[in-house]
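With the hints as extra help, turn the sequences into a complete structure.
The chain contents come next:
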Amino acid sequence: MVYLPHTDEERQQMLQAIGVKQIADLFQDVPEKARYPELGLAHPLSEMEIMQELQFLADANLNAYTTPTFLGAGAYRHWVPSVVDDVISRGEFYTAYTPYQPEVSQGTLQAIFEYQSMICDLTGMEVANASHYDGATAAAEAVIHAYNVFRKKRHKFIISPTLNPQYREVIRTYTQGMNLEIVGDEDLTASAADVIDQVDGDTACVILQYPNFLGQLEDLGDLIARVRAKDKKTLVAVAVNPISLGLLKPPGDYGADIVFGEGQPLGLGLNFGGPYLGFYATTKKYMRQIAGRVVGQTNDVDGEIGYVLTLTTREQHIRREKATSNICSNQGLMALAATVYMSALGKQGLHKVAALNYHKAHYAADLIDQLDGYTVLRERPFFNEFIVRCPGTVAEINHFLLNTFEEHEIIGGYDLGQTYPHLENHMLIAVTEMNSRHEIETLAEALAEFPEEDRL
Amino acid sequence: MAIDMQARYLKSHEWARQEEDEIIVGISDHAQEQLGDIVYVELPEVGDEVAQGEAFGSVESVKAASDIYAPVSGVVTAVNEELEDAPELVNQDPYGKGWMIKIEPSDPEEWDALLTPEAYEKVVEEEA
Amino acid sequence: MKEPLIYELSVTGREGVKPPALDVPESDLPQELLRDDLPLPEVSEVDVIRHFHHLSHKNFSVDSVMYPLGSCTMKYNPKVNEVAARLPGFTGIHPMQDEETVQGALYIMHTLQEDIKAIGGFAGVTLQPAAGAHGELTGVLIMRKYHLDRGDTKRDTILIPDSAHGTNPASSSMSGLHVVQLPSDARGNVDLDELRKVANDRVVGLMLTNPNTLGLFDEHVEEIAEIVHGCGGLLYGDGANMNALMGIMRPGDLGIDVMHFNLHKTFSTPHGGGGPGSGPVGVAEHLVDFLPGPIVTIDPALSEEELPYYTLKMPAKSIGRVKSFWGHFGVIVRAYTYIHMLGTAGLRRAAEHAVLNANYMLSRLRDVYPLPYDRICKHEFVLEGHLPDAPDVHALDIAKRLIDYGVHPPTNYFPLIVHEALMIEPTETESKQAMDYYCDVLLKIAEEAKTDPQLLHDAPHETPVRRLDEVKAARKPHLRYEH
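Chains as they are written, first to last, in this note's numbering: chain A, 13 to 468; chain B, 125 to 252; chain C, 17 to 499.
To be clear, the hints were calculated from the coordinates, so they are not data collected in a lab.
Even glycine gets a Cβ: it sits at the ideal position worked out from N, Cα and C.
There could be a bad hint or two in this list.
What the hints assert, rightly or not - Pulled a few chain B residues facing chain A out of the computed Cβ check, cut under 10 angstroms:
#	residue
1	E166
2	P168
3	G171
4	S182
5	E184
Listed below in C-alpha cells is the structure:
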C-alpha cells in the first residue's frame with residue numbers, strides 16, 4: 013500500500029507541465045550504476061495483514077501492566093489516566109511540526125509554556141526548557157551546560173557513583189571529544205558524600221541523583237552545603253524521580269543549580285524504553301546557556317498574549333558550531349503527555365500518587381525484610397525503590413518468580429550486580445501505586461518459597 | 125551612520141576610547157544597525173583577562189549572535205551592568221550609554237594598531 | 017479566542033483524576049524531607065479535556081492542512097502506525113525485562129535494522145539515536161573514534177558544505193572537531209576545487225546532505241567520495257532528505273560510510289509538535305564495531321531452527337551508549353509498519369512521487385518567483401521570497417500571508433545561502449488539487465505584493481494571535497506562569 017493520491021491522468025499532466033516524459037527523467041543526475049537497486053524488502057502487506065502480524069508480535073511480549081511487576085531502575089510502571097492518551101492522540105498535536113510559525117502553533121506553544129511552568133513548580137526551579145530526549149541525555153546536557161557556564165575554563169565534572177549507570181555512560185559518550193574530565197564513580201561502593209571531597213576550583217559541576225539509582229534518599233541539603241563549602245562557584249545538578257516530588261522537598265529548595273530527570277513516570281507508557289522525556293530546569297542566572305527549545309510569553313501586534321520560541325540565539329541554526337548544543341527538537345508529544353498528566357492529577361492527585369508509592373514500597377520492604385534469607389538495606393530513607401540482599405542469584409530468583417511460582421508470572425526487580433559488582437545477589441525492587449496489596453503479598457510469598465537447594 | 129571621532133576601531137566593528145588610564149569599549153553605530161534590535165549582551169566579569177583580537181563576549185538580536193572582540197589586551201575593570209536589563213541601550217546610544225566594558229591595557233602600543241575613524245569609515249563603505 | 021493558562025482555571029480544592037485508595041498500612045513519612053506545597057493546578061477532568069482540545073484548535077497540522085515545510089518531510093502519518101504503536105503488548109513492556117519475555121519487540125527492532133541496512137546499503141545499523149541531530153552526533157563520534165582506533169590521532173577537522181543544516185557544525189563541535197565550511201558552486205553542488213584544497217590528513221570526514229538543502233542532487237557525489245577517501249577521511253551522509261531517494265539509490269553504494277536516517281521524515285512517523293523523532297545510523301563494514309549500543313543481534317546458541325533468539329549486544333569498540341535503553345521503540349514500531357506496508361516497490365514509488373510533486377510545483381512557480389538554481393530538483397526546491405517589483409515585501413511576509421489562505425508556510429530563511437529563501441517540500445502524499453491550490457495562492461500573493469503590500473506586512477489576519485513581538489520575548493524572558 014502506498015499513500016499516493018494521483019491518477020494516471022494527473023501524473024501525465026504533471027510530467028507535461030514539468031517538461032519530461034517519465035518520472036525516471038527526474039533522476040538522471042543520480043549515477044546510473046547505482047540507480048534502482050533491488051532492496052529485497054519483505055513483500056508488502058495490506059493494513060489488515062500488517063495489523064495481524066503486529067498483534068502476533070505484540071502478544072509475544074510479556075506486558076508489565078497486566079503482570080505483577082517490581083522492576084524500576086529508571087523506568088516505572090504507573091497508571092496513565094485516560095485523558096493523557098486522548099489528548100496526545102489528537103492529530104492537531106501529533107501531526108504538527110516544531111512551532112516555527114507561532115501564529116498557527118499556539119496550541120503547541122501554550123502547552124509547552126504550561127509544561128515549563130509545571131516542571132519549575134515540581135522541581136522548585138525558575139526556568140525549564142521544552143525537554144530533552146530522556147533523562148540520560150538531559151544528564152549529558154547538564155554537563156555541557158555547566159561547561160558553557162564556565163566558558164570551558166573549568167574542566168572537571170564529578171558524577172556521583174549512585175547516579176544511574178546509563179546516565180553516567182551517556183555523559184561519557186557525549187563528552188568523549190571534549191577536553192574535560194569526568195570523575196567520581198571510580199569506586200562504586202562509595203556514596204555521593206564520599207566524592208564531594210574532590211570538588212576544587214577547576215570543578216564545573218557535581219551531578220547527584222535524588223532518590224539515587226539505588227532508591228536511597230541521600231542527604232541532599234548536606235551534600236549541596238558540602239559542595240558550596242569546597243567551592244562557591246561549582247554548580248550542582250540533581251537528577252530526580254518526578255513522582256517523588258509529589259511528596260518530597262524539591263532540589264530547588266536545597267539550592268540546586270540544575271534539576272533534571274526522566275519524565276517517563278509522568279504519564280508515559282513503558283514502551284520498551286522510549287520515547288521518554290528528559291525534563292530540565294535551572295535558575296535565571298544560568299538560563300542563557302541552556303540547551304534545547306524554550307517557549308516564552310509575549311504580545312502580538314494587537315497586544316494579545318501569545319507564545320513564541322525564544323532565546324533562540326543559543327541554538328544551532330543561528331550559532332552553528334558555537335551553539336550550546338546540537339539539539340533542534342524536543343520530545344514535544346511526550347512533554348504534552350506529562351503536562352496533561354500533571355494537570356489531570358493536579359496538586360492533590362500527584363501528592364496522593366507519591367504517597368501511595370511511598371507507603372506501598374515501605375509495606376513491601378517490611379514484608380520482605382521479615383523473610384528468611386532476605387535483608388532490606390535500610391541505612392538511608394527511600395521513596396519507592398529499595399535494595400534487598402537475596403539468598404540466591406537475582407537471575408535465578410527472577411526466573412523462579414517468572415516461570416515457576418504457582419503458575420503466577422511475576423516480573424522481579426533489577427539485578428544490581430550487573431552494574432554494581434559489590435551488590436551481587438542484591439535486587440532493586442520498585443513498588444508503585446500499580447502494585448496492589450495482593451501483588452505485594454504474593455511477591456513476598458513467592459520470595460519465601462524460593463527453593464532451599466537454589467540458595468547460596 | 126554615526127562615527128565617534130574620538131574613538132579607534134576594529135574591522136569587526138568594535139570601538140575603543142581612552143579615558144584616563146582605561147580603555148572603554150563598545151560596538152559601533154553601524155554594527156548595532158546591522159544587528160537590529162539587540163536583546164542580550166553577554167559580558168565578561170570584572171577581573172577577567174582579555175587579549176587583543178579575541179572574543180570577550182557576544183551581542184544577540186532575535187535572529188543573530190555576534191562575538192565581540194577586544195580592541196586591546198588587559199584586565200577588565202568594569203562592565204556595563206545596565207545592559208543586563210536594558211540591552212536596547214546599545215541600539216539607542218552605542219558610543220555612550222551602550223558602552224560594554226573598561227579595560228586596563230597591558231600593552232600601550234596595541235592602541236596604535238587600531239583603525240582611525242577615517243579608516244573605519246572606509247571599511248564600512250567597502251563592506252557595503 | 018483566548019484560552020487561559022491551565023493554572024488560571026484552577027479552583028482551590030478541586031480534584032481531577034483520583035488515584036486509588038491506600039490498601040496497605042501507612043508508614044512513617046520522613047517529615048524533614050517533605051515539601052510544604054505543590055503549586056500545580058487544581059482542575060477537573062472535564063477542565064483538562066476542554067482546555068487541551070481548545071489548544072489543539074490553535075494548531076495547523078498535517079491532518080488539517082498542506083504543510084510543505086522544506087527539509088521537514090511533512091508527509092501524511094498513516095493512522096495504522098498509531099494503532100500499531102499503541103498495542104498494549106508494545107506499550108506495556110519494561111525495557112529491563114528478561115530478553116526471553118520481549119522477543120516480539122526485539123524481532124521488530126532486528127527487522128527494522130535489516131530493512132535500514134537494505135535501504136541504505138549499509139553493513140550495520142543502530143536504532144538508538146532519538147532524533148536526526150542525535151544521529152549526527154552519533155555518526156561524527158563514530159568517525160572520530162574510527163581514526164583514533166587506527167592510531168591516526170591528528171585528524172581534527174570536519175568539512176561541511178555551506179548549504180548544510182546548522183546541526184552539522186553543531187554536532188561536529190560537540191564532538192570536539194573543527195569545522196571548515198565548503199562553498200557551493202554555481203549549480204548548487206559542493207565546489208570540488210575548494211574541496212581539493214582542504215582535503216588533507218587532518219580531515220576526519222565530510223558531511224554531505226544529498227540531495228542538499230537546495231533540493232538538488234550533488235552531481236559530483238562520486239568525485240566527492242573519491243577526494244574524501246583519498247585523503248583518508250570518511251564520508252558522512254545526512255539522511256534528512258532520504259525521502260527523495262528511497263529505492264532509487266543506496267547511499268552506501270556511492271561511498272557514504274555513515275549516515276543517519278530520520279524515521280519521522282522519511283518513514284512517516286509523526287513529528288509530534290517537535291518530537292519524538294528517531295535517528296537510526298547506518299554504517300559501512302569498517303565502522304560496524306563502533307556503533308553505539310546495545311543493538312539487537314541473533315544469539316546462535318539460543319536459536320532453534322526457524323526460531324531465532326534475539327539478544328541485545330554492545331559492539332566491540334562502541335562509542336558507548338547515546339541514550340537510555342534501546343531507542344524510541346514506539347517510533348520504531350511505526351516505521352516498521354510503514355516500511356512493511358510499502359515494500360521495495362512502494363518505497364520507490366513514494367520517492368518518485370515526492371520528486372514528481374516538487375518538480376510540478378516548481379514548474380508552476382518558476383516564472384514568478386526567482387529561482388536561484390535552475391535545475392530538476394529532488395523532493396524540494398528553494399525560491400527567493402523577494403520579488404523584483406515588490407522591494408519591501410520579504411519572504412516572511414509571503415509566509416505569513418499564506419496562513420491567511422489556510423495553508424502552512426514553507427521553511428523560510430533557510431538555507432542561508434539563498435537570499436530570502438522559501439523552501440518548499442510538498443511530499444508524495446499531497447494531491448494535485450492541494451498543490452494547485454497552494455501554487456494558485458502563491459501566485460496570487462505575488463500579485464498582492466505589488467498591488468497591496470501592506471496586506472502582506474499585516475498578515476496573518478485571522479489567526480488566534482497575529483505577529484508576535486519576539487524582541488520583547490527575548491529581552492525580558494517570561495518563561496513560566498508566575499503564581
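Here's how the hints hold up against the structure:
{"no.": "1", "hint": "E166", "verdict": "7 angstroms, holds"}
{"no.": "2", "hint": "P168", "verdict": "9 angstroms, holds"}
{"no.": "3", "hint": "G171", "verdict": "13 angstroms, violated"}
{"no.": "4", "hint": "S182", "verdict": "8 angstroms, holds"}
{"no.": "5", "hint": "E184", "verdict": "4 angstroms, holds"}
Checked against the numbered hints listed earlier, the structure breaks hint 3 alone; every other hint is satisfied.
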